[in-house]
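Order-wise, the sequence lines are chains D and H. Our numbering runs 416 ahead of the 1-based position in the first sequence. Our numbering runs 331 ahead of the 1-based position in the second sequence.
Worth flagging that the hints you see were computed from the coordinates, not collected in a lab. Model, not experiment: these values are computed from the prediction. Ideal placement from N, C-alpha and C gives every residue a C-beta, glycine not left out. Errors might be hidden in some of the hints.
Ranges between beta-carbon positions, derived for each pair [unchecked claim]:
1. H:Asp441 - D:Gln492: 28 to 38 angstroms
2. D:Asn605 - H:Ala442: 33 to 43 angstroms
3. H:Gly368 - D:Gln561: 38 to 48 angstroms
4. D:Ser535 - H:Thr430: 15 to 25 angstroms
5. H:Gly368 - D:Ala689: 50 to 60 angstroms
6. D:Gly479 - H:Asp441: 29 to 39 angstroms
7. D:Ser535 - H:Ser446: 12 to 22 angstroms
8. H:Glu421 - D:Glu674: 49 to 59 angstroms
Here are the computed lysine-lysine pairs in the DSBU-like style, where the Cα-Cα straight-line distance is at most 30 angstroms [claimed, not checked]:
9. H:Lys389 - D:Lys517
10. D:Lys559 - D:Lys686
11. H:Lys389 - D:Lys556
12. H:Lys389 - D:Lys496
13. D:Lys559 - H:Lys389
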Amino acid sequence: MALSPGVHILLYEGSGASPLGSERRFGILTSLLDLGYSVSRTGIGACLSPEEDTLLVLGDFGGAAPVLEDAGGKVQITAKNIAGLDAVAVSSLVEGERGEKPMNQPGRWKPWFPVIDYSRCTNCMQCLSFCLFDVYGVSKEGKLQVQNNDNCKTNCPACSRVCPEVAIMFPKYSGGPINGEPVSDADVNREKMKVDISALLGGDIYNRLRERSEAAKSRFSKERDSGKALAERKKCLTKLASDGFIPADVLENLPSPEEIQRRAADAAAKAQAALAAAGA
Amino acid sequence: MSSPAETPRILYCRCAYAQVVPQETKDAVLRHLSEGGAAFDSVADLCEMSARRDPRLKTIAAGGPLKIAACHRRAVQWLFHSAEAPLNGESVDIVNMRTLSPAEACARLDAPDISPT
Ligand code: SF4
Ligand code: SF4
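Work out the full structure: start from the sequences and follow the hints.
See below:
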């Protein structure tokens, strides 16, 4: 999701502006943050000075808002007088000022992607071989990297389960250590066991998933009572989802078996090339 | 524990796009910051900023002692790293609103020193 940073907001309460009052300030802050804006508040000490942004300065200015200019010429600054406006009115003023500038908004895209803890990662490339969606790649220096985070399937933390070092986090996941909680020895042993189990099953988790998903589909086609069949398929997928931490909608939308095989071979080749280059 | 001469700046993450931080804690912390006299920065969602490598993360990371009210330390530290804005572990205190009570989180933000661990 390549969106520009949009508009940075500064709640100004310094000289030339009146204090906003604590309830009003809190209301404005929450409503702007919940719309997806970044907001700085002036006071004792320093706050962020954005370098390549549009800066919108909001304050209870006695009369007209001052005309402001960035001495460096990089930031476009606009000041607005919000005297008498409540949080809802301030939000609509800000939305109007943003105009067509693209911005993510809550509900549109959940930032879900793997984050690597490089203090744990051993560059084994198991995650790269596992992911079918090209999320992982290799840096110029031969290091594992998350390169296409937009390709990651929302709410699917499956690759974190194949990492033997518990180095893959999804900060928005519910449980630890995937969410970034400290990693315990027990976590490391559990993850190692999972990889061994997948090796025992043929080393290809996707094949296993596909077979089970195909079995569910064929049961579906043989069933006369489609309602019952649907319930059965859902049961199957729910079991898979609870087994493997993979959301049912991701399983339902896996590519065809041929495509899975092609992508798995591509990913494995990429991982092998990276490992060979690192060993060279 | 270090006591830098410079007052740490404060960054608050709202976790607006998934809300893994308890609502009560993030509201209480924001209210506390809003009622205090210190300047602070607040962002809708650090994960989202990291995903699109928002240049503001670099400015934040390079700006000296810092307290970040967000979630687990490991997650926040590597989110900045993946946006090519590594944090200086010694001068950054990450206040975990996912596990601390509102009172504990506010006290950590008010403390003048940095507790890196
Ligand atoms: S599986 Fe884990 S340790 Fe191996 S390269 Fe991926 S993140 Fe690093
Ligand atoms: S850094 Fe933590 S608190 Fe902030 S948006 Fe990400 S998961 Fe939420």
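Inset, instruction - Check the following: the C-beta atoms of Asp441 of chain H and Gln492 of chain D are separated by a distance inside 28 to 38 angstroms. - result: Given a distance of about 35 angstroms, which is inside 28 to 38 angstroms, the answer is holds.
Inset, instruction - Verify the proposed pairing of Lys559 of chain D with Lys389 of chain H, using a straight-line Cα cut of 30 angstroms. - result: At roughly 22 angstroms apart (the allowed maximum being 30 angstroms), Lys389 of chain H and Lys559 of chain D satisfy the hint.
Legend entry - Distance restraint evaluation - Ser535 of chain D, Ser446 of chain H, Cβ atoms, bounds 12 to 22 angstroms: holds, 19 angstroms
Inset, instruction - Please test the hint of 33 to 43 angstroms on the beta carbon pair from Asn605 of chain D and Ala442 of chain H. - result: holds, 37 angstroms
Legend entry - Pairwise beta carbon distance, Glu421 of chain H to Glu674 of chain D, judged against the given window 49 to 59 angstroms: 52 angstroms Cβ-Cβ, so the 49 to 59 angstroms window holds.
Legend entry - Distance restraint evaluation - Ser535 of chain D, Thr430 of chain H, Cβ atoms, bounds 15 to 25 angstroms: Given about 20 angstroms between the Cβ atoms, the range holds.
Inset, instruction - Measure nothing beyond the straight line between the CA atoms of Lys389 of chain H and Lys517 of chain D; if it is 30 angstroms or shorter, mark the hint as holding. - result: This hinted pair holds, its Cα atoms lying about 22 angstroms apart.
Legend entry - 30 angstroms limit on alpha-carbon distance, applied to hinted pair Lys389 of chain H and Lys496 of chain D: holds, 27 angstroms
Inset, instruction - For the pair we were handed, Lys389 of chain H and Lys556 of chain D, check the Cα-Cα distance against 30 angstroms. - result: The hint holds at about 22 angstroms.
Inset, instruction - Take a look at whether the Cβ-Cβ distance between Gly368 of chain H and Gln561 of chain D falls inside 38 to 48 angstroms. - result: At roughly 43 angstroms between Cβ atoms, Gln561 of chain D and Gly368 of chain H fall inside 38 to 48 angstroms, so the hint holds.
Legend entry - Gly368 of chain H versus Ala689 of chain D beta-carbon gap, inside 50 to 60 angstroms or not: holds, 57 angstroms
Inset, instruction - For the range 29 to 39 angstroms, tell me whether the beta carbons of Gly479 of chain D and Asp441 of chain H fit it or not. - result: Distance hint for Gly479 of chain D, Asp441 of chain H holds at roughly 36 angstroms.
When the structure is compared with the earlier hints, no violation turns up for any of them.
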